[in-house]
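Protein chains in written order, with the numbering used here: chain A, 177 to 290; chain G, 23 to 136.
Hints were generated in silico from the structure; no laboratory data involved.
Note that beta-carbon positions come from the ideal geometry of N, C-alpha and C, so glycine has one too.
There may be inaccurate statements among the hints.
Derived pair list, reagent style EDC-like, types lysine to aspartate or glutamate, alpha-carbon separation capped at 20 angstroms [as the list claims (entries may be wrong)]: (1) G:K79 with A:D193; (2) A:K277 with G:D119; (3) A:K277 with G:E101.
So these bits of chain G aren't anywhere near chain A, every CB distance computed over 10 angstroms [stated by the list, open to error]: (4) L35; (5) L100; (6) G130; (7) T134.
Partner residues are not named here, just some residues of chain G that face chain A (Cβ under 7 angstroms, in silico) [stated by the list, open to error]: (8) G62; (9) G64; (10) A122.
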Amino acid sequence: GENVEQHPSTLSVQEGDSAVIKCTYSDSASNYFPWYKQELGKGPQLIIDIRSNVGEKKDQRIAVTLNKTAKHFSLHITETQPEDSAVYFCAASGYTGTASKLTFGTGTRLQVTL
Amino acid sequence: NAGVTQTPKFQVLKTGQSMTLQCAQDMNHNSMYWYRQDPGMGLRLIYYSASEGTTDKGEVPNGYNVSRLNKREFSLRLESAAPSQTSVYFCASSRVDSGANVLTFGAGSRLTVL
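Here chain A stands alone, though its shape is the one from the complex (with noise of 0.2 angstroms):
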C-alpha cells in the first residue's frame, strides 16, 4: 500500500517568513495529493490540493509542487502569520471512482513567532 512520509516534524518560523513542508510519497499510482491544516481542538481543514498532471498550484500565500519523477510533493507558505500556526497534514490517494482511501503523512506542528 501507499507509505508517506512527512518532514519535519515541527516547524518554528518568524513572523514574514515563509514555511516549507515536504512529503515523500511510495506508491506511483497515487495521483491526488490534498494538503490539511488542523487548529487545536479541531479536525483538518482541506487547503489547498494538486493533482498529477500539475506540477505547481498557487491560492494566494499558499502554493504546492508535485514532483511525480521523485515522487515528492511540497507546501509552501510565503509571508508567514500567526494564524498560519497549526498542524499540517499531507495525503495522497489515487482516482478510485468510489471511496477515496487516503493515506496521510504524520504531521507538522508550525508556530509562527512574532
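Fit chain G to the given chain A structure using the hints.
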C-alpha cells in the same frame, strides 16, 4: 450548513465497556469514513463506506464495527473498549471533484479508555 457533525465530543470509558460514536453529514455526500488520530502517527483509516449500504475495512479495523444507517449517518462502535483505543476519532465525508474524492472532516471525538 453544519457539514459533518460528530457526537459525543468527549467520552471516558472503562476497559471492556462498549460505546457508539455517531456521525452525520448534510452535504449529500455518498462516501463516509472513520479515522483515528494518534500522536506521531497521523490519521489512519478505520472503516469507510463508499455508498449507502456498503462498508469496507481500512488500515486499522480490528476492535471496531460500523453501520451506515442511511446516506447521512455513519456510526462507529467499540464492542469491548481497550486502552489501545484511546485516541481522537474523526468522521469524514467526501464529494467527487474531477475524479478525486475530496474529504470534509468533523470536529472529532476524544475517547479515553481507562
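Results for each hint:
1. G:K79 with A:D193: 42 angstroms, violated
2. A:K277 with G:D119: 15 angstroms, holds
3. A:K277 with G:E101: Distance of about 25 angstroms is beyond 20 angstroms: violated.
4. L35: Answer for G:L35: holds, closest chain A Cβ roughly 21 angstroms.
5. L100: The claim holds: G:L100 sits with its nearest Cβ about 20 angstroms from chain A, beyond 10 angstroms.
6. G130: 5 angstroms, violated
7. T134: With a cut-off of 10 angstroms, G:T134 remains clear of chain A, as the shortest Cβ separation is near 15 angstroms.
8. G62: 6 angstroms, holds
9. G64: Check passed: Cβ of G:G64 comes within 4 angstroms of chain A, closer than 7 angstroms.
10. A122: This hint holds: G:A122 lies near chain A, its Cβ roughly 4 angstroms from the closest one there, short of 7 angstroms.
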